[in-house]
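Protein chains: 2
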Amino acid sequence: MGEQAYVTYGSAKCGIDGASLDITGCRFSVAPMSDNFVEILTNAFTQVNTSKVWSATDALSSVYRGRACHVVDAVRAFFVAAENPTTHTTMEATFSKGCPGDSDADVYLAEDDTLVNDKFAAKHFPVIAKIALYPMGEPDYMPYIAAVVNRAIDLGIYDKSTHYNTYLAGDVQDLFDYVQWVCDYCGEQIHHYIFELTVSVHSPSLEA
Amino acid sequence: MGEQAYVTYGSAKCGIDGASLDITGCRFSVAPMSDNFVEILTNAFTQVNTSKVWSATDALSSVYRGRACHVVDAVRAFFVAAENPTTHTTMEATFSKGCPGDSDADVYLAEDDTLVNDKFAAKHFPVIAKIALYPMGEPDYMPYIAAVVNRAIDLGIYDKSTHYNTYLAGDVQDLFDYVQWVCDYCGEQIHHYIFELTVSVHSPSLEA
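Top line first, the protein sequences correspond to chains A and B.
All residue numbers for the first sequence refer to numbering that gives the first Met the number 0, where the first residue is 0 and numbers rise by one.
All residue numbers for the second sequence refer to numbering that gives the first Met the number 0, where the first residue is 0 and numbers rise by one.
Just so you know, these hints were derived from the structure itself, not from any lab.
One thing to keep in mind: the hints can contain errors.
You can't tell identical chains apart in this list, so a pair holds if it fits in one copy or across any two.
Said to hold, decoys possible - The calculated lysine to any residue pairs, modelled on SDA-like cross-linking and capped at a C-alpha distance of 20 Å, are:
no., residue 1, residue 2
1, K12, I189
2, K12, N149
3, K159, D21
4, K12, P138
5, K118, P84
6, K159, Y8
Everything numeric in this text was worked out from a predicted model, so none of it was measured.
Same shape as in the complex, but just chain A (with noise of 0.2 Å):
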């Protein structure tokens, strides 16, 4: 890997997205503390309907791109089906828009807001949660972040603020209709943004 050339997106222009189409992504891994984790994650990738986002999945990751309510959508769905009453699960996230290295590639844009995944929005169970915001570019971004954190508040899903991150706690469903409220925010307030969640269920540390 030595001859690899150098990136070039230094000179990208920030302030102004690389695609042109209103691409929102999402980039997760889910984390199964099970011996079982392959049957656990192989499962719940055949349950997720992907059919209104764009999707790729390596060995460190899986990337949904398209409309955020469709992005929100699915990777909601992919954290229910793993779910399950005997294993500890974690998810990390990183939902973002509008990097100036972005391109209109690697993307399906789904005509209408039909949820395909809404059977995933049925069911309930307790999750734990931290969540950071990063609005990038913009001088005086300390609003946004507490903006994006009063909403949690407000929607009694807050928990603590602590070092680098919030803390959050809830229901499951709460707290996606939470994220899917964050992505259309920053989606309409905020040039390139990333919104970074890590949820945990079912762990013993709670139950201790």
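Dock chain B against the given chain A, drawing on the hints supplied.
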């Protein structure tokens, strides 16, 4: 939780570190995909020498705060201590410095650079990783990201650029030496940065 007061850091002054001390931190979560994950994590905790960082752990993650060299030393030690030849294990880690909402609290700043976990730097195994750098409050932030990616290219641990992340592959020690370089570079060059890292070892996807 509905009576929770709003957070106030929307009024924090961006571009000014909320802490006056030179505090680097890392919040991380390790996921051993094994029925024995509690034992593996407990064992890793007892092996890491945290005498030169401030540390805290909850149900979702752990955080180390101190001088960059000691924070990286302790995070490297934790991942190496948690590695198990028969277990697919991942770690997500958020390195950061300079948040306007930070304060001179919850930190231990050691007086010297002598690493207390250097025995973990002698263990070698191949890993794959993904990284992302978020330089906050910088209107022209892409050149910093390119510099960090190009450093990985120089070191021969760059794999590919993909949506929302850069992928790396190489020896675990080369990876953490690189993380140390990134924290030093960003700590000097950027008022407030976040460096996201996900490391994976013993993935069956790679062995298949």
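The hints, checked one at a time:
1. K12 with I189: The answer is both: 15 Å in one copy and 19 Å across copies each meet 20 Å.
2. K12 with N149: between (31 Å within a copy, 18 Å between copies)
3. K159 with D21: This pair counts as neither: shortest intra-copy Cα distance 33 Å, inter-copy 24 Å.
4. K12 with P138: both (16 Å within a copy, 10 Å between copies)
5. K118 with P84: within (18 Å within a copy, 39 Å between copies)
6. K159 with Y8: between (37 Å within a copy, 13 Å between copies)
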